[in-house]
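The opening residue of the sequence shown carries number 1 in our numbering; numbering runs sequentially from there.
The set of hints was computed from the structure by calculation and includes no laboratory data.
Do not rely on the hints blindly, as some may be mistaken.
Mimicking BS3-like on lysine-lysine, the simulated pairs with C-alpha atoms at most 25 Å apart in a straight line are [said to hold, decoys possible]: (1) K93 to K39; (2) K130 to K10; (3) K251 to K93.
Quick list of simulated restraints, FRET-style, between CB atoms [unchecked claim]: (4) V240 to L193: 45 to 51 Å; (5) I173 to M45: 41 to 47 Å; (6) G235 to S25: 31 to 37 Å.
Being a predicted model, the structure only gives us computed values, none of them experimental.
Glycine residues also receive a C-beta, built at the ideal position from the N, C-alpha and C atoms.
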Amino acid sequence: MKSFVALLQKEWVLMRGNVLFLFISSLLAVFVLPYILSKNMEINMTTDEWTFLFLFYSILVGILFAPVQLFKSMQTEIKRKEVWLHSPQSIYKLLAAKVLFNLCTFLMFTFVILSSVFLLVVSQEWSIIKIVVASTVMTISLTCLQLLILIYMQVIYVCYLQLNYYIGKFAIIVAPLALLAGYLLTKFEESVLYRTLFQHGYISLEPLQQYLQLSDYPLLFIINSVYIGQLLFYGVLLAVLFMASSKWLEKVVTRS
């Protein structure tokens with residue numbers, strides 16, 4: 001456990017500048033820019049509407065920031081591959097620390113941004129408990145999505161390194177291939193086979209919907225019900241992808 005904590009601390013030292021910049025710039029964008037724009041631009045938008053608009057963009061930036069930071073961290077380690085590959089820690093633990101650090105960073109960032117905006121904008125309509133519940137539910141939902149993106153990003157990066165070894169700069173073709181794979185997965189989710197295999201163990205999340213709506217913003221956040229079979233499918237899929245891509249990365253870096 002101590003060795004894993006040390007790896008997380010190493011990630012913090014390596015990436016803290018980027019993390020602090022993300023937090024500070026997003027908070028300024030959400031709390032300062034809406035006030036300035038509403039006072040100086042002749043657009044029929046209130047300060048609260050500007051705030052929600054910048055909230056959306058801040059969350060989007062956070063979603064994009066985590067995989068980019070993971071890529072940068074992995075790239076930095078690969079440049080020092082002699083140190084990395086001779087580490088007493090397994091490749092799984094080294095990469096798990098990077099994924100977990102970025103996931104925790106995104107979780108904290110999302111919760112802070114959401115709860116801060118809700119306290120500022122809807123505190124008169126929502127109680128503190130409702131604000132906490134709404135922020136927590138939205139944060140968990142977005143963090144699950146972020147975990148999928150991070151693991152997928154790791155797989156794409158390993159594929160890129162492998163192709164780069166053989167075809168050089170033409171390895172960029174991994175990008176459209178990755179988009180195609182994502183598209184095929186979404187089509188598979190719509191198939192009868194997927195519903196037959198994985199849509200078992202229905203869990204209704206509709207009671208939580210009352211905590212996620214505002215009278216002035218009826219489509220603030222929509223949460224769907226889930227199936228235990230779906231959760232198990234994605235859990236196993238992510239575990240297999242992470243372990244396979246980690247071992248593959250070790251072989252690619254060793255050979256390069």
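Checked hints:
1. K93 to K39: violated (51 Å)
2. K130 to K10: Violated: K130 and K10 sit about 36 Å apart, past 25 Å.
3. K251 to K93: The hint holds at about 16 Å.
4. V240 to L193: 45 to 51 Å: violated (19 Å)
5. I173 to M45: 41 to 47 Å: Given a distance of about 42 Å, which is inside 41 to 47 Å, the answer is holds.
6. G235 to S25: 31 to 37 Å: Holds - the Cβ-Cβ distance for G235 and S25, about 34 Å, lies within 31 to 37 Å.
In summary, the structure is inconsistent with hints 1, 2, 4 from the numbered list given earlier, while agreeing with the others.
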